[in-house]
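Listed below are the residues making up each chain.
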Amino acid sequence: MIDLENSEYEYGFHDDVKPKFTTGRGLTEETVRKISAEKNEPQWMLDYRLKSYHTYQKLAMPKFGPDLSDLDLENMLYYQKMTDKKYRDWDDVPDKMKETFDRLGVPEAERKYLAGSSAQYESEVVYHNMRNEFEKLGILFTDTDTALQEYPELFKKWFGKLVKPTDNKFAALNGAVWSGGSFIYVPKGVRCDIPIQSYFRLNAENSGQFERTLIIVDEGAKVDYVEGCTAPNYSSDSLHAAVVEVNVLRDAYCRYTTIQNWSDNVYSLETKRAAVLENATMEWVDGNLGSKVTMKYPSVYLNGENARGTMLSIAVASNGIHQDSGARMIHNAKNTSSSIVSKSIAQTGGSVDYRGTVRFGKHSDGSKAHVECDTIIMDDQSSSDTIPYNEIDNANVSMEHEARVSKISEEQLYYLMSRGISEEKATEMIVMGFVEPFTKKLPMEYAVELNRLISYEMEGSIG
Amino acid sequence: MTLENLTINEPDWFVQKRLTALGLADKLPLPTMQRFDFHNWQLTPPTRTIIKTNIASPDNYILMDLFDASNEYPDLVQKYLYSIIKADENKLMAYHAAFVNHGVFLYVPKNTVIEKPIELELQQDSSQPFVSHVLVVAGENSKFSLIQKTTTKGNQASVANCVVEIKALTNSEIKYAAVDELGQNVTSYLSRRADVDRDAYVDWSIGLMNEGNTVADFDTDLKGTGAHSEIKVVDITAGKQLEGVNTRVTNYGKKTIGNINQRGVITDHSRLIFNGIGHIIKGASGANAEQQNRVLMMSSHAHGDANPILLIDENDVLAGHAASVGQVDQNQLYYLMSRGLDKKTAQRMVIRGFLGDVLVSIPSKAIREQLVQTIERKLANGQEISENS
Amino acid sequence: MATLEVKNLHVEVEDEETKNKKEILKGVNLLMKTGEIHAIMGPNGTGKSTLSQTIMGQKNYHVTNGDILLNGESILDMPVDQRARKGLFLAMQYPAEIQGVTNAEFLRAAINARRPADDKISVMDFLKELDKNLELLDMSQAMTERYLNEGFSGGEKKRNEILQLLMIKPSFALLDEIDSGLDIDALKVVSKGVNSMRGDNFGALIITHYQRLLNYIKPDVVHVMMDGKIVKTGSADLAQKLENEGYAGLRDELGLKVNLVDD
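Protein chains in written order, with UniProt numbering: chain A, 1 to 463; chain B, 1 to 389; chain C, 1 to 263.
Treat the hints with care, since some could be wrong.
As the list claims (entries may be wrong) - Derived pair list, reagent style DSS-like, types lysine-lysine, alpha-carbon separation capped at 30 Å: (1) K52(B) / K91(B); (2) K110(B) / K21(C); (3) K63(A) / K91(B).
Claimed, not checked - With the C-beta cut set under 10 Å, the calculated list includes, among others, these residues of chain A facing chain B: (4) M61; (5) S383; (6) S384; (7) S398; (8) R404.
What the hints assert, rightly or not - The following residues of chain A were derived to be distant from chain B, with all beta-carbon distances above 12 Å: (9) Q43; (10) R103; (11) E305; (12) E449.
Derived by calculation from the structure, the hints in this document are not laboratory data.
Note that the structure is predicted; figures quoted are calculated from it, not measured.
All C-beta atoms in this analysis are idealised placements derived from N, C-alpha and C, irrespective of residue type, glycine included.
Produce the entire structure from the sequences given, and follow the hints as far as they go.
If you want it as structure tokens, here you go:
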């Protein structure tokens with residue numbers, strides 16, 4: 001049974017799958033112990049969770065950015081396991097879940113153009129598979145819980161190295177109750193040119209998803225990872241507090257693409273961090289289309305000489321949505337370079353902010369940074385803040401930062417309309433053109449999908 | 001803390017303002033500045049004596065000691081004093097209003113145009129705290145330039161708290177230039193703010209050449225339709241100086257224009273935090289806000305921040321900012337050296353070009369030249385130290 | 001046969017700096033029919049571009065009196081895109097640059113805007129037409145994949161305006177100084193493009209300072225505009241006469257009290 005609650009957001013349906021196991025509403029030390037026990041975890045992980053839980057209790061809510069006072073952390077479902085096992089064949093996935101993912105186009109995308117695919121439903125990954133040819137190359141791609149069981153040494157070596165529980169309140173929360181997420185290890189010199197995808201689906205009302213993703217791209221290796229997120233519309237709020245750690249070793253390359261399209265009752269408060277060594281490259285491609293509140297500032301720690309970091313992002317905020325996102329580029333080694341390009345659109349009463357940091361440390365001689373933030377505010381109900389921090393501790397660096405905020409260009413509108421194109425179509429063309437540097441970076445199918453989504457978002461924004 | 005002898009000869013309303021502020025000084029928090037922490041600076045020592053300003057009063061406008069003016073023109077002073085920067089905004093303003101011991105009142109009546117720049121040379125004596133208030137009122141359609149130069153006498157450790165309030169009434173035009181050269185042992189708080197009415201224009205040129213630790217807040221509120229302000233700030237930091245500068249423009253009125261242009265040169269072991277804030281309030285349609293924050297890093301022992309912030313609550317606007325951090329332009333340097341200049345001289349010349357926008361807009365040639373000399377001196381010292389460290 | 005008629009047109013613009021309103025057009029009358037090429041000449045600042053922008057419907061130009069009729073129907077209340085779909089086209093002096101939108105994509109959108117939703121132009125037909133016109137204008141295919149006018153040189157922009165003209169095929173084209181900034185070879189190409197449109201179903205109004213363009217696109221009627229009015233109308237010879245005698249000569253001959261910019 002599929003329930004289309006809200007026709008405006010096309011992924012807003014939910015189904016009535018019953019969990020096999022749940023910790024119930026609310027969060028106590030007992031909840032944390034139950035999660036760990038259910039997952040059969042080693043002692044060190046339970047200790048880590050408990051330490052994170054105590055840190056979480058001590059830390060204050062963020063003192064900047066959007067209003068989080070409506071977020072009801074008391075009545076949240078922190079852990080829900082929907083199946084007893086993880087499947088490698090879509091035909092084995094229980095019908096209701098499979099139907100959901102079919103509607104979201106996940107199996108179809110996998111058949112067409114992915115090297116590997118996984119799907120998380122509530123707290124656990126229910127499906128994951130990788131094409132044989134890539135598995136043979138030694139690429140490890142599994143859910144993070146399985147990785148803890150199957151690759152304990154590799155896992156322990158890298159887990160929690162980039163994001164500590166003390167980093168912020170929601171990173172601590174994730175440390176306490178994390179579940180699911182992707183684990184990817186690409187061995188030395190292995191180049192995986194076809195994207196690997198994970199799809200995250202929240203289904204129940206007032207629930208939390210706390211996936212933990214850990215990626216290690218070994219020396220000279222390459223990976224292109226894509227994640228998508230959707231959820232049903234509900235009147236009460238849900239929380240998505242992910243932690244992502246990406247380690248890009250010498251000469252390696254990682255592109256991490258996110259298309260976040262949560263329904264407008266989801267708080268998406270994520271901590272994403274990458275550390276990059278000599279001559280390696282990290283590219284974040286980040287599209288924020290949905291959610292109620294997003295706070296997300298993926299960072300790149302440029303720790304090796306000649307390391308490169310980029311962020312290419314778009315954010316669209318409509319009525320009731322506050323997108324507060326950006327990037328952080330931390331130059332810690334010689335001749336590192338970074339680039340941030342951020343495109344934002346605020347409409348029908350939405351708020352869209354860019355918040356970012358570029359820091360040049362003492363040892364960043366010869367490093368460069370380039371930041372461009374462009375915002376279109378479509379109407380007088382909407383607003384936008386641009387808050388960049390540029391901190392410099394080295395005299396031999398260069399940084400350029402530019403930002404623009406304006407309404408849609410009258411001159412461009414007039415020009416297109418003078419060729420007979422309607423105001424609505426002309427506006428859409430200008431907006432599509434505005435975000436084109438972003439869509440151009442997406443795998444083809446995603447670009448088409450994204451254009452459709454934006455076009456959909458823009459509908460009714462005229463007149 | 002008590003007010004001791006400060007209140008002798010002051011009208012009751014003035015004393016009352018002091019007493020109210022004194023009551024608040026302990027309760028209010030320090031002003032906040034993004035990315036700059038000065039909470040343990042000693043900025044609020046009590047003052048004991050009034051420092052009188054003797055100025056020959058001109059015929060067609062009022063320029064006089066603020067305390068004298070509060071007796072002679074009580075209605076005017078009472079109306080505008082602390083109307084732009086409120087005494088209860090923060091701890092340092094409350095302290096200021098309680099302990100103000102130096103002041104100048106400039107009132108230019110409506111339709112008055114003054115050709116010659118009005119010059120104000122203030123000297124702080126390092127043997128006592130300097131709590132100075134300059135109150136400027138530009139009447140409707142008036143037009144004038146004001147240059148304020150502030151220096152320090154002596155080398156004792158001391159505090160300066162300097163406030164400038166500017167009220168620009170309808171269609172007035174004010175050029176305000178400041179050269180701040182407070183001494184090495186002076187810890188200072190500078191707060192300057194203009195309130196700009198319909199079609200009025202305020203042009204700020206500020207050369208921040210203090211040698212001691214400084215917190216500076218330069219604000220412009222564009223209240224009336226068509227109000228306009230250009231704010232140019234140049235700043236050189238040297239030694240172990242710590243300096244935080246907040247330059248903010250808020251567009252309230254329709255079709256208002258506010259542009260910020262900040263240039264900083266950071267030498268030696270100094271730290272400079274440059275915050276530029278452009279805030280467009282909902283309803284300010286047709287507003288324009290542009291800002292540039294450019295920083296030259298001359299030493300790897302130095303720290304610089306260039307934070308350009310835009311807060312936009314209206315869609316019919318054009319707002320933008322640019323920030324850059326870099327070194328001396330190598331092409332320019334090469335060009336000058338190819339003409340035979342040695343590297344240091346060429347470097348100083350390129351930097352002067354970098355600071356040029358503010359230099360050219362200072363209306364007095366003499367003060368402009370003094371500022372150039374100060375810049376040269378600060379840069380030469382910086383070069384010296386950078387070389388030896 | 002289609003007609004475009006301008007009747008006693010008065011137009012004001014607001015100065016951005018001073019916010020003063022200024023009357024630019026002070027009673028312009030003009031009747032054009034398809035099959036004809038008209039040229040409007042006149043000194044700087046006399047209202048020629050104002051006329052073309054007002055016909056197209058640019059918002060900053062306020063009609064205070066008079067009317068503009070396309071086939072007898074007033075277009076004053078129509079938005080810009082509707083006027084365009086009714087058959088008007090303005091080749092602009094300063095075309096807008098739009099990043100992220102390719103030239104080809106834009107042209108298809110413009111053509112499809114004139115067709116029913118269920119009868120979009122096929123890719124094959126579109127490309128065939130596009131290739132033909134590119135060749136005529138001596139433009140490379142690469143131009144169509146570049147973003148609309150972004151980073152185009154002055155000459156490329158003008159050619160691109162004419163390319164749109166050829167693709168869209170309006171009934172009336174207003175060509176606002178398409179000769180400015182063109183070298184002689186480019187001028188010939190652009191003229192060839194316009195001439196290829198000539199016929200019973202096409203009319204044009206050419207705005208120019210110089211007679212030179214009119215050597216390549218022969219006008220049927222020449223109007224001279226001064227100080228917001230058409231002061232003289234004649235045949236192609238009038239343009240030659242102006243070239244020889246200048247605007248001052250004509251002004252004095254007509255006994256007008258008009259300041260020319262360089263007086």
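key: chain B versus Q43(A) - minimum CB to CB distance exceeding 12 Å, so not interface   = At about 41 Å from chain B, Q43(A) clears the 12 Å cut-off, so the statement holds.
message = A cut-off of 12 Å on Cβ-Cβ distance, and E449(A) was said to be off the interface with chain B. Does that hold?
response = Label holds. Min Cβ-Cβ 28 Å, cutoff 12 Å.
ask   = Taking only the CA atoms, is the gap from K110(B) to K21(C) under or equal to 30 Å?
value = It holds: about 27 Å lies between the C-alpha atoms, which stays within 30 Å.
ask   = Does S398(A) pass the interface check with chain B, least Cβ-Cβ distance below 10 Å?
value = Constraint on S398(A) satisfied, holds at 4 Å.
ask   = Is it true that the CA of K52(B) sits at most 30 Å from the CA of K91(B)?
value = Judged against 30 Å, a Cα distance of about 25 Å means the pair holds.
key: Restraint satisfaction for M61(A) [CB to CB of chain B, less than 10 Å]   = violated (19 Å)
request  = Would you settle whether the hint for S383(A) is holds or violated, based on the nearest Cβ-Cβ distance to chain B being less than 10 Å?
outcome  = At about 4 Å, which falls below the 10 Å cut-off, the nearest Cβ of chain B leaves the hint on S383(A) intact, so it holds.
message = Less than 10 Å between beta-carbons is the criterion; does R404(A) satisfy it with respect to chain B?
response = With a minimum Cβ separation of about 4 Å from chain B (threshold 10 Å), the hint on R404(A) holds.
message = Please check whether the beta-carbon of R103(A) is more than 12 Å away from every beta-carbon in chain B.
response = Given a closest Cβ separation of 36 Å, the condition holds.
ask   = Is the interface hint for S384(A) satisfied, with its Cβ closer than 10 Å to some Cβ of chain B?
value = holds (5 Å)
Distance restraint between K63(A) and K91(B), which requires alpha-carbon spacing of 30 Å or less = Roughly 22 Å separates the two Cα atoms, so the pair holds.
query = Per the stated criterion, does the least C-beta distance between E305(A) and chain B lie above 12 Å, as a non-interface residue requires?
reply = With a cut-off of 12 Å, E305(A) remains clear of chain B, as the shortest Cβ separation is near 17 Å.
Violated hints amount to a single one, hint 4; each of the other numbered hints is respected by the structure.
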